[in-house]
Amino acid sequence: MKQIEGVMYQANAPKGVDPDGIFFVQVDPAKCEACGSCDEVCATGAIQAINDDGIHAVVDPAACMNCGQCLVNCPYGAIYEGVSYVDEIFEKLKDPDTIVVSMPAPAVRYGLGECFGAPTGTYVGGKMHAALRKLGFDYIWDNEFTADVTIMEEGTELIQRVKEQGKKNARPLPQFTSCCPGWVKFAETFYPDLMPNLSSCKSPIGMLGPLAKTYGAHETHTKAKKIYTVSIMPCIAKKYEGLRPELADSGFRDIDATINTRELAHMIKTAGISFNSLPSQQPDPALGDSTGAATIFGNSGGVMEAALRLAYEVLSGKKLDNPDIKVVRTHEGINTADVKVPGFGTVKVAVASGLSNAAKLCDEVRAGKSPYHFIEIMSCPGGCVNGGGQPLDPEIRASLFRSTVAQINKRFRARKVTA
Amino acid sequence: MKMNRRGFMKTCGIMAGYAVLGVNLTKEAVASAMDFVGMRQKSVYDADANSKIYKYRKSQDNPMIKKIYDHKNGFLHEGPCGHMSHHLLHTHYVDRSARLATLKDKGFKFNL
Ligand code: SF4
Ligand code: SF4
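Line order of the protein sequences matches chains B and W.
Once you know that position 285 of the first sequence is 721 in the working numbering, the rest is easy, because the numbers rise by one and skip nothing.
Once you know that position 24 of the second sequence is 28 in the working numbering, the rest is easy, because the numbers rise by one and skip nothing.
Derived from the structure by calculation, the hints contain no laboratory data.
Treat the numbers as computed from the prediction; the structure is a model and nothing was measured.
No residue lacks a Cβ here, since even glycine has one placed at the ideal position from N, Cα and C.
Do not rely on the hints blindly, as some may be mistaken.
Using 25 angstroms as the maximum straight-line C-alpha spacing, the simulated SDA-like pairs for lysine to any residue come out as follows [claimed, not checked]:
# : chain 1 : residue 1 : chain 2 : residue 2
1 : B       : K755      : W       : K110
2 : B       : K599      : W       : G86
3 : B       : K796      : W       : F114
4 : B       : K755      : W       : F114
5 : W       : K110      : B       : K599
6 : B       : K659      : W       : G78
7 : B       : K805      : W       : N115
So the derived label-pair ranges between C-beta atoms look like this [what the hints assert, rightly or not]:
#  : chain 1 : residue 1 : chain 2 : residue 2 : range
8  : B       : P807      : W       : L116      : 17 to 27 angstroms
9  : B       : P450      : W       : D109      : 43 to 53 angstroms
10 : B       : D454      : W       : K71       : 50 to 60 angstroms
11 : B       : R833      : W       : K46       : 19 to 29 angstroms
12 : B       : K570      : W       : K76       : 31 to 41 angstroms
13 : W       : K71       : B       : G452      : 15 to 25 angstroms
14 : B       : N487      : W       : K46       : 39 to 49 angstroms
Not the full set, but computed from the structure, chain B residues with beta-carbon under 10 angstroms of chain W [unchecked claim]:
#  : residue
15 : N448
16 : T650
17 : S726
18 : G728
19 : A729
20 : G734
21 : H809
So that you can see chain B by itself, here it is in the shape it has in the complex:
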């Protein structure tokens, strides 16, 4: 076990195994104080007391969506990560025969700086690209580029679905987003009957892996089999996604390794790079350039807004002068909106973060009562910026006593309300 930015990690870099058998998060029983904060934030109930002492454990990987919300909310640091590719990536970076490619998600650049003392949320995208170059990554490609690709693909899919309604073999509405791996596993596990509603688009990282080893290899005259792709995410569930057996469309494993924001900070520190004095640098263009629509994928409501910036122009044939579609921006809970598109009509949308909110929208769809065309779902409250792989909220552990009391109060009050 290794400590990384306040979280314990097992140095375990699985290959070719069934990810359904891996505990991506688990409780260290010696550290658990039985406070129950974790089972309050867990939508599925995968983490629960396993004895009379109230010691908690994730009881089975099949019930765990790997979102890591239990981990980031445990005031005692008792929950650890079961998978870490950090050591393997350091080896690949040293190997002159391996072309190592970076693929950081949007939200990483709004969290990474915090590990180096910057105020909460500081944007450090330029420094992040510079740090990846210094670490020795051969190509600084960026998952934001495929966030833009996702909009093109998923937006087009939505328009197709709307148009095919009433025809034979029409794909159903609403269309659900498929960017969030915790949510995708949740749908597959608890609502498999709604799988046809899930966009068939891979997530942005699911798209960048195969593009790196086909298009990227071609553009850079690199042998695809030498390319080692590193997905850098604000997320723990992305480690599960990277291991999905079907993600091998490039002819190789599409994603070779997955780390999160905390692990990237650890790598930068281990390499002795002075992050704060780095200049701001650009990614390498072919698979690196991105737009504002791509960066807002990090927020709950962001994919929706980005998709609407496309759908509006395609459906109306008009230019969208002000790209701000603030009604869909979502801080917590469920948000719904009617978006008027000239020449088309009303697009009805819903945005939810947190899997218990997702379940509410799923029940509506299951009952045939969902009025929406398009629903965006993210597992983590507020979106990827609050992902299970992001730097921890200092408030949760800064005062152990204070936060524990707060957690207990919360449960006490919650009980009173439901009693």
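Given chain B's structure and the hints, the job is docking chain W with the ligands onto it.
Chain W with the ligands only, in chain B's frame:
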């Protein structure tokens, strides 16, 4: 649940909490956690609206998107949802409910 070491600690925690800090702490703690998320969210929207960071704000305006989807020479020249897209960028899903059902049969309780 019988009173044991950890249960006892928990009870002490509740009493000490109410005595020392009062009841409104919870609201504060939850609000501060969402403030923390809100600060990151605001930074995201600020970057989106900052033309020095993102020159374009719509995916369809990204020159590299135009290049990859170019009708003539683009890698994805058939456009979004074309053949190459379906091969590389789209996927299928797997019904995972059976494993959960097995666990439930064994007596495990979950929230859904
Ligand atoms: S939050 Fe941490 S200390 Fe509290 S019950 Fe869960 S694992 Fe144990
Ligand atoms: S990772 Fe998410 S789903 Fe798994 S136990 Fe923790 S909170 Fe529950």
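Quiz item: Looking back at the hints listed earlier, which ones does the structure fail to meet?
Solution: Failing hints, ascending: 1, 4, 5, 9, 10, 13, 15, 21.
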